[in-house]
Amino acid sequence: MALSLSPSLLGGVSLALVSGLALSVQAQSTTPPPAQSQPAQVQPAQSQTAPSQPAPSQPAPSQPAPSQPALAEIPALQATAPGPDAPDPSLSPECRVPGSKLYTLAKLKAVKKALREHRAVQVLTIGSNSGGLGTAATYPVRLEDALTRSLPDIEVTVESRGVSGEIAFGAAERLRNQVAEIEPDLVVWQVGGNDALARVDIEDFSQSLAETVAWIKSHGIDVVLVDPQYTASLAKDDYYRQFVQAIQKVAEHEQVPLVQRYEAMRYLAGRAISALKGGDTAQSGAGFRLADLGYRCMAEHVTRAITVSLLQPDVAPVSKASPVPAN
Amino acid sequence: MREPNAVDFWRGIALITIFINHIPGNVFQNYTYSQYGISDAAELFVFLAGWSIGIATRGRDGVPEPAGRTVLRLLSRMVEVYRAQLVITAMALAMLAGAALYLDNPLLVEWHNAGPIFSDPIQATVGWVTLLHQLGFFNILPLYVVLLGLAPAFVLLSRVHLGLAVGLSALLYAVSLVFEINIPSWPVEGHWFFNPLCWQLLLVLGFAAHEWRRSSERFLAWRRRLMPLGIVIVIVGAVLSWFNLRPDPLAVPEPRLLFIFDKSYLSPARLVHFLGVMLAFQAVFGLIQPRARWLTRQLAGLGRNSLAVFSVGSVASLGAQLIRFWTGGGFATDVFVVGCGLASLSFTAWFVEWRSRSPRPSSAA
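Top line first, the protein sequences correspond to chains A and B.
Using the numbering used here, read the first sequence as starting at 1 and increasing by one per residue.
Using the numbering used here, read the second sequence as starting at 1 and increasing by one per residue.
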């Protein structure tokens, strides 16, 4: 119960959570994980381990977790604790991005509370539901699968809603109504696409976004933001870059996790270019293939940001996986 | 062509407002009345559609036309609106895809909910042709299609008893609000942007207002007497809107749709605000017409040809958005795109009337 025992898509390193986020970390390995991973001692060399907040009656953080279930226990959370600058091996090869390029972290109190109470976690995704061209499943379905694999003892349901219009002009209001309709534990919000394309004033957008995020949080609902996609033709667009940065600022200020889709896709694009070894990098359709890859990877990337955010200690202030390199 | 009248005039205003508001972020958006109230041009458009049904289903002598003719008239209009919706949606998709190719920007095919049509075409093609999948800002005509489908029932019922038709409409509205009933969207989860089960009330009210105006002195007297109340409602709406005050949808009691400001379900606050606007501005056309004849002629011309003008406006506003994105926007761009758009709306109205005046070789053949 307290341990992550089965290999998963996110495998590589498994990290078991017990109440208060006491955790055990297994040695990182590039080989597939053993079928029955045993709780292991914390590796001193591990670069990122979540501090624990031991509850009375709970084991010390570095001790192997007990086999008997405890009432106040958080179910096993399958997650890895990668180095921030190396490509995260728990991600599938085509989506592999270092943590520092993929997310900034913050606490997810509502989800953690649901885990503690062993109840189903309801997730509302806002924005595109594309899971990539020709894929069998849409993004919400893939997200539900990926989260269910990461939180094996918890029922996760994902509902999705698209958003018409701009945050700065009424869409934020409709989003509030959608949140009120579903009352989820967590909102995963692909934010800013419409506003950026409409080139709305960045200040107006930031203010609306910050107000809406603060409102969602004020009702005890967690938020994960996903910033807009990267595409080569917008790489030199100052407005677009500032726009993405504005979302980062709001995420930081409001202390919500951010999936840095822009950074992650830029990283993946760079990798694709270097793989071509000086070939024709401006081949037609490259941008479309990258966008498609972005959608294929989104469920994994979001799941990763959520699971690693769940490792955030309850007491410490918001932290980042690592400083985000400036553009 | 009929002379400028209040209905066409206001419908012209609604069409221009919708066009400008469908270019989000442009400088003129701040000067449309939608920014200063809880309700907006969509309410006006639907209410006036109901009013027009009242006009259209009576002969020149004011006698209601035969029931069969009314049903056929409304259903053929429904087909016409549906056809317009398919045409403008197809054009919008091609514009987004074309711009995405030309600007090498895959983000553009995701804009306005277009994504599924390109990433999941098998389901989404069924979705958009059956109106279950709607592009952002291309969601008013689907509402209108359903409203025209419902309209024969209400019009015929009103010939038995107008109060009964309004009562039934209000009941459907209330039930949809309380139980949050809406048409689902598909393949993307969610609901229609404009819930026809709620918005039908506004159409029926527009129709009923026309009928009452014809036959009831008391209606006219009360309309005048309630004008100050309308002004108060408009002022309250402006204050709420200006300071961005609205109920918290997670803090209001159940059934929450009765208390929040929600466009999809035409929540009561929006309805009351809109009726207030109607009361407050009822005399404005009479004041403007003698003083600005050219302007009233232009606006009424738009209103007379509302479906064609709306369709061109929808496509033009998307074009304007793409140009704003491409150029980076700015005041000069906004003046250019809005100016061109308004000119194209005006040209459309003129062209439709020119075509209907001119002999058409194709129809003679």
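These aren't lab readings, by the way, just hints derived from the structure by calculation.
No experiment lies behind these values; they were computed from the predicted model shown.
Just so you know, even glycine gets a beta-carbon here, dropped at the ideal spot from N, CA and C.
Careful, some of the hints might be misleading.
Claimed, not checked - Label pairs and their computed distance ranges (CB to CB):
#	chain 1	residue 1	chain 2	residue 2	range
1	A	D314	B	R246	27 to 37 angstroms
2	B	R246	A	E203	15 to 25 angstroms
3	B	V232	A	D153	28 to 38 angstroms
4	A	H118	B	P247	25 to 35 angstroms
5	A	R116	B	P247	51 to 61 angstroms
6	B	S76	A	A210	23 to 33 angstroms
7	A	A136	B	R69	23 to 33 angstroms
8	B	I235	A	R241	40 to 50 angstroms
9	B	F336	A	E203	18 to 28 angstroms
10	B	R291	A	R241	48 to 58 angstroms
11	B	V71	A	A210	26 to 36 angstroms
12	B	R225	A	Q207	36 to 46 angstroms
As the list claims (entries may be wrong) - Below are the EDC-like pairs computed for lysine to aspartate or glutamate, each with C-alpha atoms no more than 20 angstroms apart in a straight line:
#	chain 1	residue 1	chain 2	residue 2
13	A	K113	A	E183
14	A	K236	B	D248
15	A	K217	B	D104
16	A	K109	A	E203
17	A	K109	A	E173
18	A	K109	A	D153
Said to hold, decoys possible - One-sided and incomplete, this derived list gives chain B residues near chain A with beta-carbon spacing under 8 angstroms:
#	residue
19	V27
20	P253
21	G339
Here is what the structure says about each hint:
Between D314 (chain A) and R246 (chain B) the beta carbons are some 34 angstroms apart, a value that agrees with the proposed interval 27 to 37 angstroms. The hinted range of 15 to 25 angstroms is satisfied by R246 (chain B) and E203 (chain A), whose Cβ atoms lie roughly 21 angstroms apart. In this structure, V232 (chain B) and D153 (chain A) break the distance hint of 28 to 38 angstroms, their C-beta atoms being roughly 58 angstroms apart. The hint said 25 to 35 angstroms for the Cβ distance between H118 (chain A) and P247 (chain B), and at roughly 34 angstroms that hint holds.
In this structure, R116 (chain A) and P247 (chain B) break the distance hint of 51 to 61 angstroms, their C-beta atoms being roughly 32 angstroms apart. In this structure the supplied range 23 to 33 angstroms is violated for S76 (chain B) paired with A210 (chain A), their Cβ-Cβ distance being about 50 angstroms. Roughly 52 angstroms separates the CB atoms of A136 (chain A) and R69 (chain B), a value that falls outside the hinted 23 to 33 angstroms. Between I235 (chain B) and R241 (chain A) the Cβ separation comes to about 43 angstroms, which falls inside the hinted range of 40 to 50 angstroms.
As the Cβ distance of F336 (chain B) to E203 (chain A) is approximately 24 angstroms, the hint placing it in 18 to 28 angstroms holds. Against the hinted window of 48 to 58 angstroms, the Cβ-Cβ separation of R291 (chain B) and R241 (chain A) comes to about 50 angstroms, which satisfies the hint. Under the hint 26 to 36 angstroms, the C-beta atoms of V71 (chain B) and A210 (chain A), about 52 angstroms apart, miss the expected range. The hinted range of 36 to 46 angstroms is satisfied by R225 (chain B) and Q207 (chain A), whose Cβ atoms lie roughly 42 angstroms apart.
The suggested pairing of K113 (chain A) with E183 (chain A) holds, with an alpha-carbon distance near 15 angstroms, which does not exceed 20 angstroms. Restraint check for K236 (chain A) and D248 (chain B): the C-alpha separation of about 40 angstroms exceeds 20 angstroms, so the hint is violated. Between the alpha carbons of K217 (chain A) and D104 (chain B) the distance comes to roughly 37 angstroms, so the proposed pair goes past 20 angstroms and is violated. With a C-alpha separation of about 28 angstroms, the suggested pair K109 (chain A) and E203 (chain A) falls outside the 20 angstroms cut-off, and the hint is violated.
For the hint pairing K109 (chain A) with E173 (chain A), the CA-to-CA distance comes to about 24 angstroms; that exceeds 20 angstroms, so the pair is violated. Between K109 (chain A) and D153 (chain A), the direct Cα distance comes to roughly 18 angstroms. Compliance with the 20 angstroms bound is thereby established for this hinted pair. Evaluation of the V27 (chain B) hint against chain A yields a violated restraint, the C-beta minimum of about 10 angstroms exceeding 8 angstroms. Taking 8 angstroms as the C-beta contact cut-off toward chain A, the hint placing P253 (chain B) at the interface is violated, the least distance being around 12 angstroms.
A least Cβ separation of about 18 angstroms between G339 (chain B) and chain A goes past the 8 angstroms threshold, and the interface hint is therefore violated.
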